[in-house]
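Asker: Could you build the full structure based on these sequences and the hints that come with them?
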Amino acid sequence: MNSLPILQSVDQNLSCKAAGISKMENTKPNDKKLAQSKFAFKHNGPKKVFHCTMQSVLQSEDCWIAEEVLEESNEKSNLELEDIYDEVFRLKRRVNRLNYQLGTNIPECPKIDPCLDDHIFLTNVKEVHPEILQLKFASHKLQHQLTQMQSVRRSSNLAKKLVRDEYCRSKKLGDQLQIEIQKLDSFKLKFEKHQGLCLQRFRFLDQDKYTGREFYEFIEKSNEMITTQLKKQMLKSEYKPFRKEAARVTISLKTAAENLQDYLSSVINNKKCEIFQNVKNSCVSIRSDL
619 MNSLPILQSV DQNLSCKAAG ISKMENTKPN DKKLAQSKFA FKHNGPKKVF HCTMQSVLQS
679 EDCWIAEEVL EESNEKSNLE LEDIYDEVFR LKRRVNRLNY QLGTNIPECP KIDPCLDDHI
739 FLTNVKEVHP EILQLKFASH KLQHQLTQMQ SVRRSSNLAK KLVRDEYCRS KKLGDQLQIE
799 IQKLDSFKLK FEKHQGLCLQ RFRFLDQDKY TGREFYEFIE KSNEMITTQL KKQMLKSEYK
859 PFRKEAARVT ISLKTAAENL QDYLSSVINN KKCEIFQNVK NSCVSIRSDL
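Take the sequence shown: its letters are residues 619 to 908, numbered as in this note's numbering.
Be careful, since some hints might not be right.
As the list claims (entries may be wrong) - Straight-line alpha carbon distances no greater than 30 Å define the calculated DSSO-like cross-link-like pairs of lysine-lysine that follow:
1. LYS759 / LYS778
2. LYS808 / LYS789
3. LYS839 / LYS854
4. LYS779 / LYS789
5. LYS790 / LYS779
6. LYS778 / LYS790
7. LYS811 / LYS789
8. LYS889 / LYS872
9. LYS827 / LYS839
10. LYS854 / LYS827
11. LYS801 / LYS811
12. LYS790 / LYS801
13. LYS862 / LYS849
14. LYS872 / LYS862
15. LYS849 / LYS839
16. LYS759 / LYS710
17. LYS850 / LYS862
18. LYS839 / LYS850
19. LYS789 / LYS778
20. LYS801 / LYS789
21. LYS808 / LYS827
22. LYS811 / LYS827
23. LYS850 / LYS827
24. LYS890 / LYS872
25. LYS872 / LYS858
26. LYS790 / LYS808
27. LYS790 / LYS806
Source of the hints: derived by calculation from the structure; they are not laboratory data.
Answerer: This is the structure:
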C-alpha cells in the first residue's frame, strides 16, 4: 500500500472489540502526520488483482462488465483467483501466528469501507501493532476485492447463461441433424433396393424378353412340331374301319389263346397222371423186391 488517505474524523463509534483498536476519537493533525509517516508500510506481497475504487464507480462498472464479458472472456478467465485465495490464506496464517505470539483472540470487526474509512485506523495508532494494522488494511482491501468479484460472478453467470443457451441451440441443431441423417440412411436403403430392382428389370429385358426375330423363330419351330404331331394322328373317318379290324383280330387272338390254354391244361393233367402211375409202379416193385 503506497499511500494512505487522511480524512477528517467523524463522530462514529465502532463496536469492534479487537485488541489494539479503540473507539474513534478526534486527534490532532500532528498525530495523523506522525501515524502516516510511521505506518507508511511498503507492500511487498503478491500483486493485487483488484484495486480500491469508489462504490458508485463499481455500480457503473457492473453494466460495463456485463456488456464486455464476451469480448474480455480471455481476460476474465485469467483472473488471479488463486492469488486472492492464497493471499487470504497467507494473511490468515499470519494473523494466527501473531495471535499465538501476542496471546490474543481478536473477534470479528464490523465491515468498513477502506476507501472512505481508512482514517479510522489512523486514530490512536500508538496502541495499534504495525503488523495488525497492516493486516487490517489488507483484510478490508480483500473485502472490497470480493465485492468486485461479486460483479465478476454476475458477469460469469451471464456468460454461463449465454453459453448454456448456445449449448441448447447446438444440441437442438444436433438433434435435427441426427433426424436428417436417419432420413438420409432410410433414403439410401430405399435407393439401393430400387437400384437392384432396376438392374434386375434391365437384365430381364436384355436377356429374357423376346424380340420380334426370336418370336418368329419360335413360331416356326412350333409349326414344325405341330406338323410332325399331325402326321402321327389319324382322321376319325379312317379310324372306324381300322378299329373294327383291330377288334376282329383281338377276338380271334382271344379265342386262340383260350384253345391253347385248354390244350395245355389237358397235356399237363395227362403228364401228371402218367407220373403218378410210374411212381406207384416203382413203389410196388421195390416192395416186392424186399
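Asker: Against each hint, give a clear statement of whether it holds in the structure.
Answerer: Okay, the hints, checked on the actual structure:
1. For the given pair, LYS759 sits about 28 Å from LYS778 by alpha-carbon distance, which is consistent with the 30 Å threshold.
2. A C-alpha spacing of about 29 Å is found between LYS808 and LYS789, which places the hinted pair at or below 30 Å, so the restraint holds.
3. With a CA separation close to 27 Å, the supplied pair LYS839 and LYS854 stays within the 30 Å bound.
4. A distance of roughly 15 Å separates the Cα atoms of LYS779 and LYS789; the hinted pair therefore holds under the 30 Å criterion.
5. Proximity of LYS790 to LYS779 is assessed by CA-CA distance (about 16 Å); at most 30 Å being required, the pair is judged to hold.
6. Between LYS778 and LYS790 the alpha-carbon distance is near 18 Å, which keeps this suggested pair within the 30 Å criterion.
7. Taken as a hint, the LYS811 and LYS789 pair is broken in the structure, with Cα atoms around 33 Å apart against an allowance of 30 Å.
8. Restraint check for LYS889 and LYS872: satisfied, since their Cα atoms lie roughly 26 Å apart, inside the 30 Å limit.
9. For the hint pairing LYS827 with LYS839, the CA-to-CA distance comes to about 18 Å; that is within 30 Å, so the pair holds.
10. This hinted pair does not check out: LYS854 and LYS827 have alpha carbons roughly 41 Å apart, beyond 30 Å.
11. A threshold of 30 Å between alpha carbons decides the hint, and for LYS801 with LYS811 the separation of about 15 Å falls inside it, so the pair holds.
12. Of the supplied pair hints, the one linking LYS790 and LYS801 holds, its CA atoms being roughly 17 Å apart against a limit of 30 Å.
13. A C-alpha spacing of about 22 Å is found between LYS862 and LYS849, which places the hinted pair at or below 30 Å, so the restraint holds.
14. Pair hint LYS872 plus LYS862 holds up; C-alpha atoms about 15 Å apart against a cutoff of 30 Å.
15. Of the pairs offered as hints, the one joining LYS849 and LYS839 holds, with about 16 Å between alpha carbons and a cut-off of 30 Å not exceeded.
16. In summary, the hint linking LYS759 to LYS710 is supported, as the alpha carbons are separated by about 14 Å, within the 30 Å threshold.
17. Proximity of LYS850 to LYS862 is assessed by CA-CA distance (about 20 Å); at most 30 Å being required, the pair is judged to hold.
18. Proposed proximity of LYS839 and LYS850 is supported: the alpha carbons are some 17 Å apart, at most 30 Å.
19. For the suggested pair LYS789 and LYS778, the alpha carbons sit about 16 Å apart, so the restraint of at most 30 Å is met.
20. The suggested pairing of LYS801 with LYS789 holds, with an alpha-carbon distance near 18 Å, which does not exceed 30 Å.
21. Taking the CA atoms of LYS808 and LYS827, the gap is about 26 Å. The hint holds against a cut of 30 Å.
22. Restraint check: the Cα-Cα separation between LYS811 and LYS827 comes to about 22 Å, which is no more than 30 Å; the hinted pair holds.
23. For a cut-off of 30 Å, the pair hint linking LYS850 to LYS827 is broken: about 33 Å separates their Cα positions.
24. Annotation: proposed proximity of LYS890 to LYS872 holds, straight-line Cα distance about 27 Å (limit 30 Å).
25. Using a Cα cut-off of 30 Å, the hinted pair LYS872 and LYS858 holds, with the two alpha carbons roughly 21 Å apart.
26. Among the hinted pairs, LYS790 with LYS808 is consistent with the structure: their alpha-carbon atoms are about 27 Å apart, no more than 30 Å.
27. Between LYS790 and LYS806 the CA atoms are separated by roughly 24 Å; this keeps the pair inside 30 Å, and the hint holds.
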